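J.: One-letter residues, chain by chain:
2 protein chains.
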Amino acid sequence: MRIVLDTMGSDAHPQPEIEAAVMALKEFGESPILVGPGERLRGLLGNRGERVEIVDAPEVFEMSEHISGSALRSAKNSMGVGMDLLKEGKADAYVSAGNTGGAMAIALSRLGRLSGVKRPALSVLFPVNGGKCVVLDIGANAECKPEYLLQFALMGAVYAEHILGVKNPRVGLISNGEEAGKGNELVKSTYPLLEASGLNFVGNIEGKELFGGQVDVAVTDGFTGNVLMKGAEAIAKLITDRIREELMASVRTKIGGLLAKPAFRELAKDLDPREVGAAPLLGVNGLVFVAHGRSDAKALVSAIRLARQSVEVGLLDYLRTAIEQGLSQLGAEAAE
Amino acid sequence: MRIVLDTMGSDAHPQPEIEAAVMALKEFGESPILVGPGERLRGLLGNRGERVEIVDAPEVFEMSEHISGSALRSAKNSMGVGMDLLKEGKADAYVSAGNTGGAMAIALSRLGRLSGVKRPALSVLFPVNGGKCVVLDIGANAECKPEYLLQFALMGAVYAEHILGVKNPRVGLISNGEEAGKGNELVKSTYPLLEASGLNFVGNIEGKELFGGQVDVAVTDGFTGNVLMKGAEAIAKLITDRIREELMASVRTKIGGLLAKPAFRELAKDLDPREVGAAPLLGVNGLVFVAHGRSDAKALVSAIRLARQSVEVGLLDYLRTAIEQGLSQLGAEAAE
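Chains as they are written, first to last, in our numbering: chain C, 1 to 336; chain V, 1001 to 1336.
FYI, nobody ran anything at the bench for these hints, they're computed from the structure. As the structure is a prediction and not an experimental result, all values here were calculated from the model. Treat the hints with care, as some may be off.
Claimed, not checked - Straight-line C-alpha distance at most 25 Å; calculated DSS-like pairs for lysine-lysine:
1) V:Lys1237 / C:Lys237
2) V:Lys1261 / C:Lys261
3) C:Lys145 / V:Lys1145
4) V:Lys1118 / C:Lys188
5) C:Lys208 / V:Lys1132
6) C:Lys208 / V:Lys1237
7) V:Lys1237 / C:Lys261
8) V:Lys1254 / C:Lys261
9) V:Lys1208 / C:Lys237
As the list claims (entries may be wrong) - So the derived list for chain V, only partly shown, Cβ under 8 Å to chain C, looks like this:
10) Gln1214
11) Gly1257
12) Pro1262
What the hints assert, rightly or not - Which residues of chain C face chain V? A partial, calculated answer using Cβ under 7 Å:
13) Asn129
14) Leu238
15) Ile239
16) Arg242
17) Ala263
18) Tyr318
Ideal Cβ placement from N, Cα and C applies to all residues, glycine included.
Work out the full structure: start from the sequences and follow the hints.
T.: Structure below.
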């Protein structure tokens, strides 16, 4: 199995990527293909690099708001070169801790969409009560249509079933109220599509159902999903910072905090995005995973593990089938 | 000063409301006006009720999705009767722990909007690093236009200045990215209005700026605000539940948890919506505060305290002026 690792992605690149490659070689018995400035990477790897394949990408990726289509198609940076390996069948999956919007733009221009997909989505695994929930879209599409959300639900359910191992995953639609009929126009129009989708649709959900672990897949537009995800990250940080601060307030609480440390460690692990690793770009024509910019080597290895698992189960074929069936079902209904 | 307290609002009504009236009488030297089933309330108050004024509202409020306009205008339930007291000048502010949508609908039909207000907003004080942030709209308007968000910003800034005591409050626009130009269509169209508003507009914000305490007012549409608020509540609950659970995992962490208890108590207090009390319906023609349905007597007294403070500072006049000035400014720009 061949996984491409973009070495120029993380905030501290390429050091975490190089460490990750060495760790992955040890864990999986094969190294990811490193894409980036070849000579520099070889120098940094030194004698650890004998079994590490490097593909040279001479340019540095510069993300700007107004990057042109032709630049996206021709760029010789690590993202472009890496995704070309995927496109040419020289690799099975791609991992980067780079700019998410950039990865999506390059994936769309180099790989395109899976047949029938209207808009690919960014997803993430939220830590929820009792497990994880696939939340999508978390930022690829600030403006959405009901048909996009239906496809997000289909793709999210496939991901939950084949990557999380959840049979008949429960799908919820994020809204400002649980009752059917609540929501903005997008939610109100999406609800009947999900009801008729054949998915295990449980209806509208709020934060308490989402974080309470009552669904396996939570669907929303990329604006709301992004605001919710970043809000959840920020409040989790606020709370854990505050706990640390409060624990330092007296000798008594300091001692208590030291004794309780194993408890906090367990919790921090569950809330740590590094334990999850990466978010797939669901709907592009290839397995592309984007990890957090703050990823360290451990986080990147998690991402590689996830990418390998996705290749092993044949995630892309399942996604393709779900979209086709979803479309034919919609077609059948439209014809009635 | 006369504050109306709806006795039929909270989940456990009317017991918390009755306790709150007795507590408020003690704290403020005068009781709120209780509105609800007169005889029942008198029976429950017993000899504590001598200094408590009760206004009878014979009907029980039944919220349904398709409540008619005439029903809203004529209903003799505790919300309708209570708001009529406000309208007739017999009371200065109104507090309920009832259904928020219902309160907004009745307020709009009985009190109407402040002159020039396009849409009233529900706001809430989020606990953030170092203090509180006014977030609005958190649910009154699932669909918004840029001009609504501009008015939310104006009203939120007035609230932050005169209720929170923040000079020149910093206003942020909740978006899926901090950079100007990021956002859905609504955010992109609202940005220039806020830039030209004369407010202390700091630009687009994400969760980390919001919960990091970098703004005093955070503006968003009612759908996104509602999802974010309920998400924040739910993740805070998830984390505190998990801490409790992890602390019970071993004798060591149990002892640590007991010693650290004062630290958690302080944190729980800061995150407790009961400490904040109620969200104002900003933009209706009267001071209306809606408390959480789970409110107990202490939470209702907080809400009454907030209502009293709002009357004392003359919040309604400040709101009126801000909207008028905002409008005239907009008018001037349109004429250029």
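J.: All hints are to be evaluated individually against the structure, with a verdict given for each.
T.: Verification of the supplied hints:
Under the criterion of a C-alpha separation no larger than 25 Å, the hint pairing Lys1237 of chain V with Lys237 of chain C is consistent with the structure, at around 14 Å. For the proposed pair Lys1261 of chain V and Lys261 of chain C, the alpha carbon gap of about 14 Å is at most 25 Å, so the pair holds. About 18 Å separates the Cα atoms of Lys145 of chain C and Lys1145 of chain V, which keeps this hinted pair within 25 Å; it holds. With a CA separation close to 23 Å, the supplied pair Lys1118 of chain V and Lys188 of chain C stays within the 25 Å bound.
Pair hint Lys208 of chain C plus Lys1132 of chain V holds up; C-alpha atoms about 22 Å apart against a cutoff of 25 Å. Only pairs whose Cα atoms come within 25 Å are accepted, and Lys208 of chain C paired with Lys1237 of chain V is accepted, the gap being roughly 9 Å. Simply put, Lys1237 of chain V and Lys261 of chain C have alpha-carbon atoms about 20 Å apart, close enough for the 25 Å limit, and the pair holds. Between the alpha carbons of Lys1254 of chain V and Lys261 of chain C the distance comes to roughly 11 Å, so the proposed pair stays at or under 25 Å and holds.
Straight-line distance between C-alpha atoms of Lys1208 of chain V and Lys237 of chain C comes to about 9 Å, which keeps the hinted pair within the 25 Å bound. Taking 8 Å as the C-beta contact cut-off toward chain C, the hint placing Gln1214 of chain V at the interface is violated, the least distance being around 11 Å. Restraint check, Gly1257 of chain V versus chain C: the minimum CB separation of about 5 Å is within 8 Å; hint holds. Checking Pro1262 of chain V against chain C: minimum C-beta separation of about 6 Å stays under 8 Å; hint holds.
Hint status for Asn129 of chain C: holds, given a least beta-carbon distance of 6 Å to chain V, under 7 Å. Annotation: interface hint on Leu238 of chain C holds; nearest CB of chain V at approximately 5 Å, less than 7 Å. The interface hint given for Ile239 of chain C holds, since its Cβ lies 5 Å from the closest Cβ of chain V, which is under the 7 Å cut-off. Look at Arg242 of chain C: its Cβ gets to within about 5 Å of chain V, closer than 7 Å, so that hint holds up.
Hint status for Ala263 of chain C relative to chain V: holds, with the closest Cβ pair at about 4 Å, below 7 Å. Evaluation of the Tyr318 of chain C hint against chain V yields a violated restraint, the C-beta minimum of about 28 Å exceeding 7 Å.
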